[in-house]
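Participant: Here is what each chain is made of, one letter per residue.
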Amino acid sequence: MKFRRLIFANLFRKKIRLILTIGSFAISLILFTFLAVVYSAFNRGIEIAGADRLVIENRVGLIQTMPVSYGDQVRGIPGVKYVTHDHWFGGVYQEEKNFFPQFVIDPENHLKVYPEFVVPDDQWNTFVKDQQGVIAGAKTAKRFGWKVGDRIPIKNSLYGPTKTWEFNLDGIYHAKTADGDESQFWLQWKNFDENVPAFAKSTAGWYILRLDSPDDAVRVAKTIDAKYANSSWETKTETESAFQAGFAKQFGNIEFLILSIGSVVFFTLLLVTGNTMAISVRERISELAVLKAIGVRDGSVLFMVLAESMLIAFFGGVFGLLLAWAAIPAMSAKLAGFLPPLILSKTLLSSGLLFAVFVGMASGLIPGFGAMRMRVVNALRRV
Amino acid sequence: MIRVDGQGNGKSLIQVRGLSKTYRRGGEEIQVLQRLNLDLDKGDFVGFMGPSGSGKTTLLNLLGGLDVPSQGSITVDGDEITHMSGSKLTQWRARHVGFIFQMYNLIPVLTAFQNVELPLLLTKLSKSERRTHVETALNVVGLSNRMDHYPRQLSGGQEQRVTIARAIVSDPTFLLCDEPTGDLDRKSADEIMALIEELVAKHGKTVLMVTHDAMVAARAHTTLHLDKGVLVEASKLEQGVVAGGVV
Chain B
39 MKFRRLIFAN LFRKKIRLIL TIGSFAISLI LFTFLAVVYS AFNRGIEIAG
89 ADRLVIENRV GLIQTMPVSY GDQVRGIPGV KYVTHDHWFG GVYQEEKNFF
139 PQFVIDPENH LKVYPEFVVP DDQWNTFVKD QQGVIAGAKT AKRFGWKVGD
189 RIPIKNSLYG PTKTWEFNLD GIYHAKTADG DESQFWLQWK NFDENVPAFA
239 KSTAGWYILR LDSPDDAVRV AKTIDAKYAN SSWETKTETE SAFQAGFAKQ
289 FGNIEFLILS IGSVVFFTLL LVTGNTMAIS VRERISELAV LKAIGVRDGS
339 VLFMVLAESM LIAFFGGVFG LLLAWAAIPA MSAKLAGFLP PLILSKTLLS
389 SGLLFAVFVG MASGLIPGFG AMRMRVVNAL RRV
Chain D
1069 MIRVDGQGNG KSLIQVRGLS KTYRRGGEEI QVLQRLNLDL DKGDFVGFMG
1119 PSGSGKTTLL NLLGGLDVPS QGSITVDGDE ITHMSGSKLT QWRARHVGFI
1169 FQMYNLIPVL TAFQNVELPL LLTKLSKSER RTHVETALNV VGLSNRMDHY
1219 PRQLSGGQEQ RVTIARAIVS DPTFLLCDEP TGDLDRKSAD EIMALIEELV
1269 AKHGKTVLMV THDAMVAARA HTTLHLDKGV LVEASKLEQG VVAGGVV
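As you go down the protein sequences, you meet chains B and D in turn.
Taking my numbering, the leading residue of the first sequence gets 39, the next gets one more, and so forth.
Taking my numbering, the leading residue of the second sequence gets 1069, the next gets one more, and so forth.
Okay, chain B solo, but in the shape it has when bound:
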């Protein structure tokens, strides 16, 4: 890298232009990163969904319930190891903005089906015995400053007139993996069942099954759906990952949205940087001609232009990712309850940087090849 000094000197030649170009990279990278973390958040459920779990929902849709008696019937199907059921509670803590996912669970089987969540034994035992008890995820507990033993009022208007339900925080659960969901809030089905109006009594929102083997999934799903075909509550049974994907799609075609915006960002960035590099090369045409005249090879000229555009992209990328790294936790906190937790992983950071450098390289190609192919005689004549 004998031309390192020249490359860096050229890089800092027009400082305002450099700052503006780096700034455009940084802002684009923030947008790219934000889109990527949102996409990843929606897909995280799919990625971590158990391969040996099935979800049964009402064929009409997720907001339609099913009889709670289905649980015992399904449990007898060969290949089914455990069955539990959930219900969407949908309340808020103190005010509307304090929203987070609350599930009515079946304490007897919940942790058997979801072994990735851990609750200390003493806390779990207290919860099982306490009909008004709840278990909160560590993230939600931290968000509201809750401690075990606190009384938690949750306002709910899904089941009849608005009413405040009072719960005892008996325990806090943690996820076994770093990307596990620690935002949930679990309340007892018995308590729910006793306090909801008649239309919601003895119902389950959806069932989750844990199988002996993932190989049984197709057979078990077909058996269940066939069993309840033509009943008042027909079912749709699918793998947990398919269920999660369907859930994410309720928000719209996130993937398409993100790809569309991402593509616009990519091409805009390509044009901005490409234009900057083209201007920069045009301004230096006589200098490049002199370099070639004194014996610098065409390949080295191309390398210098590419190295410069890639360095701009790299610095812009790093700057943008640093800003994103600082901003995303704050955004995640603000959007808690509305969006799954936004996590900027190392993989996303590396992808962002690679994306930036790739854009830098692509945008330097046309001016670089132009400089490489430039005839010294013509370039010197222009001076």
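Be careful, since some hints might not be right.
[Unchecked claim] Straight-line C-alpha distance at most 25 Å; calculated PhoX-like pairs for lysine-lysine: (1) D:Lys1255 with D:Lys1270; (2) D:Lys1270 with B:Lys40; (3) D:Lys1192 with D:Lys1156; (4) B:Lys40 with D:Lys1195; (5) B:Lys214 with B:Lys384; (6) B:Lys167 with B:Lys135; (7) B:Lys167 with B:Lys193; (8) B:Lys167 with B:Lys185; (9) D:Lys1156 with B:Lys40.
No wet-lab data here; the hints were simulated from the structure.
Position chain D relative to chain B; hints supplied.
Facilitator: For chain D alone, kept in the frame of chain B given last:
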């Protein structure tokens, strides 16, 4: 000895035979150089004069391996350059040619030292060896006290001196000067010409120079006139033949 009749003994440093250059502009063919012959020995200092469009710069570009002739051959120190590939020619230029331009063409973001060092980055010299060479070259042009200055901090004459230092630092076979004083005042031009004369006299450099200025041309050992692509006259007729003989 400089000859333009094509009758050199074959031992000349630079040997040009039947050199022609034709450009095509639209449907029209423009013959810039027509069957030129030239023989130059080591240590010769030749000036090319002629009106605009006479082919002076084209000749310089061909001799410097920056352009390829339509016909004819150029042999420098035994290497025929007219049939070299682009990359070979680039390597050849780095080794054999030192360029001095009218507009100096220094890299503005590099110091005088760094500008002069550029040609050496293409060699295998170590950093300390490069430093020694650059300091020597800047010393020759009298700018050893300005090596950390950027071009914008130097006068026109000083910039041209840096260009000369850059041209000689790799000890090339010959120097090509395209209007080296064209952008300078008379005093600076005199200083630059004195420096070029010194390079020829003291260091045995071979110099080919294009100029419009008769006073500058008079400083060369020999002046050749180009008109419409033909060498038509030699100004110093002390012992030679005009337009097609020994000058």
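Participant: Hints first: check each against the structure and report whether it holds.
Facilitator: Evaluated hints:
1. D:Lys1255 with D:Lys1270: The hint holds at about 22 Å.
2. D:Lys1270 with B:Lys40: Judged against 25 Å, a Cα distance of about 32 Å means the pair is violated.
3. D:Lys1192 with D:Lys1156: holds (17 Å)
4. B:Lys40 with D:Lys1195: holds (10 Å)
5. B:Lys214 with B:Lys384: Cα-Cα ~19 Å, so holds.
6. B:Lys167 with B:Lys135: violated (31 Å)
7. B:Lys167 with B:Lys193: holds (23 Å)
8. B:Lys167 with B:Lys185: Within the cut-off at roughly 19 Å; holds.
9. D:Lys1156 with B:Lys40: Between Lys1156 of chain D and Lys40 of chain B the Cα gap is close to 20 Å, so the pair holds against 25 Å.
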